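*Asks:* Heads up: the sequence shown at position 95 corresponds to 95 in our numbering, and the numbers run straight through without jumps.
The set of hints was computed from the structure by calculation and includes no laboratory data. You may find that some hints are simply not true.
[Unchecked claim] Computed cross-link-like contacts, SDA-like style, restricted to lysine to any residue with a CA-CA straight-line distance of at most 20 Å:
#, residue 1, residue 2
1, Lys253, Pro38
2, Lys253, Leu223
3, Lys256, Ser133
4, Lys253, Gly190
5, Lys253, Gly225
6, Lys256, Pro179
7, Lys256, Tyr42
8, Lys253, Thr231
9, Lys253, Tyr42
10, Lys253, Pro209
11, Lys256, Thr46
12, Lys256, Gly104
13, Lys256, Glu246
14, Lys256, Leu208
15, Lys253, Gly104
16, Lys256, Ala78
17, Lys253, Glu39
18, Lys256, Gly190
19, Lys253, Gly207
20, Lys256, Gly132
[What the hints assert, rightly or not] Using C-beta positions, here's what the derived DEER-type ranges look like:
#, residue 1, residue 2, range
21, Ala78, Gly15, 40 to 46 Å
22, Ala178, Ser4, 24 to 30 Å
23, Gly17, Arg127, 28 to 34 Å
24, Gly180, Gly207, 21 to 27 Å
25, Arg34, Leu239, 29 to 35 Å
26, Ser4, His118, 34 to 40 Å
27, Pro216, Ser173, 21 to 27 Å
28, Ala189, Ala210, 23 to 29 Å
29, Gly148, Glu25, 36 to 42 Å
30, Glu149, Ser4, 26 to 32 Å
Owing to the predicted nature of the structure, the values given are computational and were not obtained by experimental measurement. C-beta: ideal position from N, C-alpha, C; glycine also.
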Amino acid sequence: MSVSATARITACADGRGSTVLPVLESEGPLALRRTRSPEPAYARVTVVGAMSAPLGGDRLTIEARADDGARVTVDSAAATVALPGAGPDAGPASYDVRLSVGEGAELHWLPEQIVSAHGSDLDLTTRAELAGSARLVLREEQILGRHGEPTGRLSTRLTVRRAGRPLLDQQLSYGAGAPGGWDGAAVLAGHRAVGQLLVVDPAFDDGLPAPRLLGPTAALTPLAGPAVLVTALAADARLLRAVLDEALEGLLKEAKALREP
């Protein structure tokens, strides 16, 4: 039997330099927990999987909103494993992420990996609406198959709008039914860990980082707006995370330097 569930997070500035969480609604396999943030000005929410999901046919949604001036980090306790449905007619699962970031607000969306298990079928959609002075850090990582198995079918789409205008619209597909060549030498070249890191910061209006390679299988690309996209391939999840963490550390330092007088 398929599951439909929506979890909701709302973060608000309390007027004293901190962020509160007036809305924290869990449902089905999506359990939300307040957790301690290493930075006092930020609220932190951790998504804890309460059951195996998504399975074929499941419809899962997470909505995270940072109101004006709020600062919040959303992460997860473990990787999300997409699994086959209970029967041949289960159909694809869907995982919808909807992010909203207000004026002067900051949202760090840093979940653990999506693992596409053999036989699974998942559509992952992430949509972010940003105010003009909003800041966003977003990391997505896809692991194509568990150890020693081929990948399932995985389609991802990342859409970001800033101040009502398109900033990024990117779609990736892997596995059965994906466009030909997805696993060829010009695309994955045998790698099974794929990641994207997006940093949107108004500070980059004063100077976007230059495009550059971050090793043999990773690249940094400035976007047409105050934003930078890092894309990376790696042999496994650990190596992928190391590349993205290093890139994020460097980009946050660059943005901070631009903000300082």
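*Asks:* Against this structure, judge whether each hint is valid.
*Replies:* Now the hints, each set against the structure:
1. As the CA atoms of Lys253 and Pro38 are separated by approximately 17 Å, the hinted pair is consistent with the 20 Å bound.
2. For a cut-off of 20 Å, the pair hint linking Lys253 to Leu223 stands: about 18 Å separates their Cα positions.
3. A threshold of 20 Å between alpha carbons decides the hint, and for Lys256 with Ser133 the separation of about 15 Å falls inside it, so the pair holds.
4. For the suggested pair Lys253 and Gly190, the alpha carbons sit about 33 Å apart, so the restraint of at most 20 Å is broken.
5. Straight-line distance between C-alpha atoms of Lys253 and Gly225 comes to about 18 Å, which keeps the hinted pair within the 20 Å bound.
6. For the hint pairing Lys256 with Pro179, the CA-to-CA distance comes to about 40 Å; that exceeds 20 Å, so the pair is violated.
7. Between Lys256 and Tyr42 the CA atoms are separated by roughly 17 Å; this keeps the pair inside 20 Å, and the hint holds.
8. Between Lys253 and Thr231, the direct Cα distance comes to roughly 19 Å. Compliance with the 20 Å bound is thereby established for this hinted pair.
9. In summary, the hint linking Lys253 to Tyr42 is supported, as the alpha carbons are separated by about 18 Å, within the 20 Å threshold.
10. At roughly 11 Å between alpha-carbon atoms, Lys253 and Pro209 fall within 20 Å of each other, so this suggested pair holds.
11. Between Lys256 and Thr46 the CA atoms are separated by roughly 26 Å; this puts the pair beyond 20 Å, and the hint is violated.
12. With a C-alpha separation of about 15 Å, the suggested pair Lys256 and Gly104 falls inside the 20 Å cut-off, and the hint holds.
13. At roughly 16 Å between alpha-carbon atoms, Lys256 and Glu246 fall within 20 Å of each other, so this suggested pair holds.
14. For the given pair, Lys256 sits about 13 Å from Leu208 by alpha-carbon distance, which is consistent with the 20 Å threshold.
15. A distance of roughly 19 Å separates the Cα atoms of Lys253 and Gly104; the hinted pair therefore holds under the 20 Å criterion.
16. Between Lys256 and Ala78 the CA atoms are separated by roughly 30 Å; this puts the pair beyond 20 Å, and the hint is violated.
17. The suggested pairing of Lys253 with Glu39 holds, with an alpha-carbon distance near 16 Å, which does not exceed 20 Å.
18. Taking the CA atoms of Lys256 and Gly190, the gap is about 37 Å. The hint is violated against a cut of 20 Å.
19. Restraint check: the Cα-Cα separation between Lys253 and Gly207 comes to about 13 Å, which is no more than 20 Å; the hinted pair holds.
20. A C-alpha spacing of about 18 Å is found between Lys256 and Gly132, which places the hinted pair at or below 20 Å, so the restraint holds.
21. Separated by about 35 Å at the C-beta atoms, Ala78 and Gly15 break the suggested range of 40 to 46 Å.
22. For the hinted restraint 24 to 30 Å between Ala178 and Ser4, the CB-CB distance of approximately 26 Å keeps it satisfied.
23. Remark: the range hint 28 to 34 Å for Gly17 to Arg127 is upheld by a beta-carbon distance near 30 Å.
24. Checked against the hint of 21 to 27 Å, the pair Gly180 and Gly207 fails, with Cβ atoms roughly 40 Å apart.
25. In this structure the supplied range 29 to 35 Å holds for Arg34 paired with Leu239, their Cβ-Cβ distance being about 32 Å.
26. Between Ser4 and His118 the CB atoms are about 25 Å apart, so this pair departs from the stated range of 34 to 40 Å.
27. A hinted range of 21 to 27 Å holds for the C-beta pair Pro216 and Ser173, which are about 24 Å apart.
28. Separated by about 25 Å at the C-beta atoms, Ala189 and Ala210 satisfy the suggested range of 23 to 29 Å.
29. The hinted range of 36 to 42 Å is satisfied by Gly148 and Glu25, whose Cβ atoms lie roughly 38 Å apart.
30. Taking the beta carbon of each, Glu149 and Ser4 are about 28 Å apart, inside 26 to 32 Å as hinted.
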